[in-house]
Amino acid sequence: MMEHLEKLIDKKDEVNAFIKKYPEKAREQAGKKGRLAGKVLAIKSCINVEGCLTSCASKTLDNYIAPYDATVVERIKKEGGVILGMANMDEFACGATGDSSYYGPTDNPAAPGRVSGGSSSGAAASVAAGYVDMALGSDTGGSIRNPACYCGVVGFKPTYGMVSRYGLCDMAMSLEQIGPVANSVADAALLLDVIGGYDPKDATSLNSKTDFSKSLNPDLKGKRLGYAKQFDDLITDEGIRKNIHAALEVLKDGGAKIVDVELPSLAKAIPTYYLNVYVEFFSATRKYDGRRYGHKIEENCGEEVLRRIMLGSYISQAEWQGKFYKKGLQARSLIRNELLRALKGVDVLVGPVVPKPPHKLHEKVTDPRVNYAYDVFTVVANLSGVPAGSVPSGKVNGVPNGLQVIGKPLEDQKVLDVMAGFERMQ
Amino acid sequence: MPDEKKILEEGKKLLEEFSQALKDVPNTEETHYVVDLKNVTRKDAPGKCDPQFRGKFEKLAPGWDYGYVKVEKKR
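So the sequences go chain by chain: A and B. Using the working numbering, you'd call the opening residue of the first sequence number 1 and step up by one each time. Using the working numbering, you'd call the opening residue of the second sequence number 1001 and step up by one each time.
These stretches of chain A come out as covered by chain B in the derived footprint (C-beta under 8 Å, 3 or more residues): (1) 62 to 76; (2) 198 to 210; (3) 279 to 292; (4) 306 to 312; (5) 326 to 338.
FYI, nobody ran anything at the bench for these hints, they're computed from the structure. Ideal Cβ positions, reconstructed from N, Cα and C, are used throughout, including at glycine.
Starting from the given sequences, assemble the full structure and let the hints guide the process.
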């Protein structure tokens, strides 16, 4: 273990995956027994790790040293996992590219010169670069699946309530889940086993069992996998479209049946998501007033964070509620009902993670619509609270791509099984 | 520093676009949470307390006086 850890400690962070590394703390944790014994992890910088800089990649919290462990961190430490450092991310998780971090963007280790995806940019990049064995990210609208896809690793967003959110500095409380990033589906399932399960400290926590890794079954024979034609309508890159259709053929070769399903309101997913997110994020950031810790957020944050705060404040005013937030909540019901209907006759849905390739590192994107567009296929799982994962599906013009697998609530096992089946066929 | 006025003006346009995109969504139930929120209670007994927590928290606060966080009254 020590030899493995020392090798990882010595690796130079060439892609800016970490905000801060803690080699001494890691050495102290090493050698303990448990299900994660021998595994070295990075933790997204919005998850409290005692004694570590939990900055949410913002100047607002650049002096915030977490005074306690999030429940997921407690569980990792208890099972012998070693935390090497705090991973880079989009500021307060407000992004899909990783380039809004106060500490600079994260380069993509699998496609140098491109953004790594986000918001869990450092989590995915640190795994892809071989700096750690696995990582924890959080996913509000695709923030685990998107960077996992672009970096060519596995990412999983559990059913809402499966994993405790205690100790997470969340971006939008009703949408965000902590989840694993790893090099294989088996490792992602193992980490989910450890971090999942009921936590009395979290009011949204479900009493669910988590023994996914032991039950992992990659057999695709007889599996009914739904594919919505609306996916094809909204993929904007021909290479990605071909890659996803090739993935469908692989699944068929494994014995699965592809079933046509409908998601008629998929094009409404982005406006629905952002009308919800603006309001929830505005609410979540009221605690960052600089009085008890950190600095006042409005005076220290970047443009996208400020946009979300200002628009959340604007639409929270009573006279606008019917037009924006209330409509967003109603549209959320519509999208959720359609997704659950599409899932009714199949085991899981399969489809794209992203509609387009990642843009170039340091490319100035001024129109928020360009970045929001990355989320079109991933936000539906968050709006509906269902499990979804990204598993590598090869490369498109030298950039990794991923297949998304979406399941019914609490059927995380089925999602992981299909991901493992596809992974085995690759 | 980001230009607040510009962000708000452009943001209002964005909100109008989003609102237009959802104009034909029927008046249906609203989804706030996908799971039932429970009241979280603990046993009526002293909980575990990290004796060092207060010290760690004190270090984080910009102002601390007589055992209380000291803050600006109002800006």
